[in-house]
Amino acid sequence: MIRVNQLNQQFTTYKKEPGFRGSVKALFKREFETKFALQNISFSIKPGELVGLIGANGAGKTTLVKILSGIVTPTSGSVDVLGFKPQERNDLYRSQLALIMGQKAQLWWDLPALDSFLLLKEIYQISDAKYNSNIVLLSEMLQIKNLLNVQVRRLSLGERMKVELMASLLHNPSVIFLDEPTIGLDFASQKAVREFLRFYQKEFSPIVILTSHYMKDIEELCERVMLLHEGKLVYDGNIAGLKTEETEKKNALCYYNKTKIADQNEWINICLKFHIHIEITKWENQELCFTFPKSSLSKLVPLLFEHFDIEDFAIKDTDIGELINARLYFSSTSTMI
Amino acid sequence: MKKQKKYFLNAIDLVAFNMELKKILSYPLEFWANTLGLILVNILIPYCIWQAIFKARNITEMYNLSFNQFIFYFLCCYFVSASVLGAMSKGSISQEIYQGNINKFIIYPIQYLRFKFFNSLAYSFIILIELIITICVHKLIFGNQITILAFIEFLPTLILSTTIGFLLVANLELLSFWVDSVWNLQVILRLFIQMGGGLFLPLFLMSESIRHFLYFTPFPYLIYYPIGILTKFYSVIPLHHLLIIQLFWIGFLLLLAQSLWKKGLKQYSGIGI
Numbered sequence: 001m002i003r004v005n006q007l008n009q010q011f012t013t014y015k016k017e018p019g020f021r022g023s024v025k026a027l028f029k030r031e032f033e034t035k036f037a038l039q040n041i042s043f044s045i046k047p048g049e050l051v052g053l054i055g056a057n058g059a060g061k062t063t064l065v066k067i068l069s070g071i072v073t074p075t076s077g078s079v080d081v082l083g084f085k086p087q088e089r090n091d092l093y094r095s096q097l098a099l100i101m102g103q104k105a106q107l108w109w110d111l112p113a114l115d116s117f118l119l120l121k122e123i124y125q126i127s128d129a130k131y132n133s134n135i136v137l138l139s140e141m142l143q144i145k146n147l148l149n150v151q152v153r154r155l156s157l158g159e160r161m162k163v164e165l166m167a168s169l170l171h172n173p174s175v176i177f178l179d180e181p182t183i184g185l186d187f188a189s190q191k192a193v194r195e196f197l198r199f200y201q202k203e204f205s206p207i208v209i210l211t212s213h214y215m216k217d218i219e220e221l222c223e224r225v226m227l228l229h230e231g232k233l234v235y236d237g238n239i240a241g242l243k244t245e246e247t248e249k250k251n252a253l254c255y256y257n258k259t260k261i262a263d264q265n266e267w268i269n270i271c272l273k274f275h276i277h278i279e280i281t282k283w284e285n286q287e288l289c290f291t292f293p294k295s296s297l298s299k300l301v302p303l304l305f306e307h308f309d310i311e312d313f314a315i316k317d318t319d320i321g322e323l324i325n326a327r328l329y330f331s332s333t334s335t336m337i
Numbered sequence: 001m002k003k004q005k006k007y008f009l010n011a012i013d014l015v016a017f018n019m020e021l022k023k024i025l026s027y028p029l030e031f032w033a034n035t036l037g038l039i040l041v042n043i044l045i046p047y048c049i050w051q052a053i054f055k056a057r058n059i060t061e062m063y064n065l066s067f068n069q070f071i072f073y074f075l076c077c078y079f080v081s082a083s084v085l086g087a088m089s090k091g092s093i094s095q096e097i098y099q100g101n102i103n104k105f106i107i108y109p110i111q112y113l114r115f116k117f118f119n120s121l122a123y124s125f126i127i128l129i130e131l132i133i134t135i136c137v138h139k140l141i142f143g144n145q146i147t148i149l150a151f152i153e154f155l156p157t158l159i160l161s162t163t164i165g166f167l168l169v170a171n172l173e174l175l176s177f178w179v180d181s182v183w184n185l186q187v188i189l190r191l192f193i194q195m196g197g198g199l200f201l202p203l204f205l206m207s208e209s210i211r212h213f214l215y216f217t218p219f220p221y222l223i224y225y226p227i228g229i230l231t232k233f234y235s236v237i238p239l240h241h242l243l244i245i246q247l248f249w250i251g252f253l254l255l256l257a258q259s260l261w262k263k264g265l266k267q268y269s270g271i272g273i
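These protein sequences, in sequence, are chains A and B.
Under this note's numbering, the residues of the first sequence are numbered 1 to 337, in order.
Under this note's numbering, the residues of the second sequence are numbered 1 to 273, in order.
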């Protein structure tokens with residue numbers, strides 16, 4: 001169980017004027033400024049939940065993960081993970097968690113993964129039997145049996161991430177923090193990592209907090225998402241709940257041979273006559289793109305075929321990234337949680 | 001997790017030592033270039049300087065030491081200082097703080113500084129092997145007077161001076177929690193250790209006032225005195241006095257390092273990393 005209440009995190013950084021003058025001035029006097037990385041964050045996560053932490057760069061996702069894992073001491077507020085205060089860095093707590101940072105390697109670069117695993121075996125006091133069975137299980141699941149004796153620096157990015165995942169899970173952690181685990185990976189590697197995570201979560205039911213900029217990761221793995229914006233928690237709920245009346249739109253993409261419609265305004269007015277509010281995003285070279293409310297789909301399609309000689313046409317859901325942007329836009333005018 | 005029994009040495013210490021050793025040995029070219037190249041340089045430089053001094057003054061002995069003994073002194077200085085500064089060679093603690101790689105150590109249920117100490121011992125271990133080989137070769141060629149008893153007496157002083165060296169470097173590198181760069185400070189500390197330890201000039205050639213000042217610093221107890229115990233080329237304080245002084249410095253620096261580590265972690269933000 002994770003309980004976070006009224007969590008705040010401030011950082012003090014120093015400002016320096018640009019140029020040589022600024023550098024000389026900074027030798028004698030420095031100006032400091034306080035930044036709020038997290039503001040009044042409260043939430044709880046039940047055992048076995050897999051939660052997606054999303055938001056733009058600098059929103060506070062990684063800071064929150066660092067606080068929950070005990071790397072950073074919070075400025076104020078209370079944090080309770082598995083009954084421990086992470087900032088106290090109790091050994092019993094630390095032995096139950098895993099942190100996988102896509103941008104930071106935790107394995108020893110110059111050595112084969114198995115050497116790092118042996119160190120982790122001693123660090124986490126894993127029994128021989130458990131260690132051996134986990135090595136077999138995880139290496140088979142991740143299909144990296146033949147990579148364990150290769151120097152880590154000689155592995156590809158995707159292979160390295162799989163080995164990193166394996167290293168982090170050798171001690172069967174109860175809480176797993178995944179900070180952008182698929183960053184920089186190709187499509188096939190992303191898919192493999194996602195499938196592994198889904199399987200592992202189902203099998204061992206740890207609490208998993210996943211941050212990612214790849215919305216596919218969030219969509220496929222998380223039922224619950226927390227959206228951070230400028231250090232504030234602006235949404236906490238399921239992915240479907242991200243969609244509001246304003247944000248729930250579909251995108252239409254049409255390629256046509258000919259049309260009797262003269263310009264954009266004429267098409268907008270035709271739609272309006274049927275109470276369909278559309279927004280044209282592209283109209284050139286017999287290609288038309290526009291968004292429309294999902295509820296108008298049945299009225300819009302016949303209308304489109306009536307006015308355009310359609311060659312090809314597709315309708316797709318709004319991308320989750322666009323939903324988040326829309327959600328963030330609307331959150332500036334209304335309170336969500 | 002099994003409850004870890006507290007021994008003087010535990011399995012993590014040995015694995016930390018072993019891993020660093022494997023890391024050093026995984027690059028054979030770098031290893032041999034470092035080993036042979038540095039030994040050669042550290043023979044050639046004092047050889048040229050002291051040969052010029054001995055020739056200019058037309059003498060065969062200085063302060064009861066022959067030319068060969070001077071060269072052997074500087075060779076021993078190189079090995080002991082390399083062992084003492086083993087941890088500094090990679091600047092690992094400060095780099096880990098600046099680059100955020102320290103995060104993984106914070107979440108491991110281990111004592112970070114202890115882990116790094118056993119890492120750094122791997123460098124010192126290799127230096128010790130090189131020193132033993134050098135002493136044997138030197139004895140065969142020049143017939144030095146180093147006895148097994150002298151070496152046995154020297155060994156604990158070397159281990160303690162290596163520990164002091166690690167703690168001095170660690171304390172300085174822990175300042176990385178507060179300051180943006182400690183590189184210049186590292187260079188200054190290295191120079192103090194080498195000068196105060198007698199690497200550039202034996203302390204018995206320095207003025208009385210400088211020597212008196214140095215006694216109140218940890219530097220002479222890092223290189224100069226342990227080599228005195230080993231070679232018996234010059235008079236030094238009794239062994240047990242040296243060990244007590246070394247233990248005092250270890251205690252003091254250890255308390256300082258623990259305090260810096262705790263305070264540093266409290267305000268560590270890991271911002272942007």
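One or more of the hints may lead you astray.
Stated by the list, open to error - Below, simulated DSS-like cross-link-like pairs (lysine-lysine); rule was C-alpha separation at most 25 Å, straight line:
#1 Lys263(B) x Lys35(A)
#2 Lys104(A) x Lys22(B)
#3 Lys130(A) x Lys202(A)
#4 Lys316(A) x Lys191(A)
#5 Lys262(B) x Lys35(A)
#6 Lys35(A) x Lys266(B)
#7 Lys104(B) x Lys130(A)
#8 Lys85(A) x Lys263(B)
#9 Lys250(A) x Lys202(A)
#10 Lys273(A) x Lys258(A)
#11 Lys22(B) x Lys29(A)
#12 Lys85(A) x Lys104(B)
#13 Lys316(A) x Lys258(A)
#14 Lys145(A) x Lys232(B)
#15 Lys104(B) x Lys104(A)
Everything labelled a hint here was simulated from the structure, so no lab data went into it.
Here is what the structure says about each hint:
| no. | hint | result |
| --- | --- | --- |
| 1 | Lys263(B) x Lys35(A) | holds, 21 Å |
| 2 | Lys104(A) x Lys22(B) | holds, 22 Å |
| 3 | Lys130(A) x Lys202(A) | holds, 19 Å |
| 4 | Lys316(A) x Lys191(A) | holds, 22 Å |
| 5 | Lys262(B) x Lys35(A) | holds, 23 Å |
| 6 | Lys35(A) x Lys266(B) | holds, 17 Å |
| 7 | Lys104(B) x Lys130(A) | holds, 22 Å |
| 8 | Lys85(A) x Lys263(B) | holds, 18 Å |
| 9 | Lys250(A) x Lys202(A) | violated, 33 Å |
| 10 | Lys273(A) x Lys258(A) | holds, 22 Å |
| 11 | Lys22(B) x Lys29(A) | violated, 47 Å |
| 12 | Lys85(A) x Lys104(B) | holds, 18 Å |
| 13 | Lys316(A) x Lys258(A) | holds, 23 Å |
| 14 | Lys145(A) x Lys232(B) | violated, 57 Å |
| 15 | Lys104(B) x Lys104(A) | holds, 9 Å |
Hints 9, 11 and 14, counting from the list given before, are not met by this structure.
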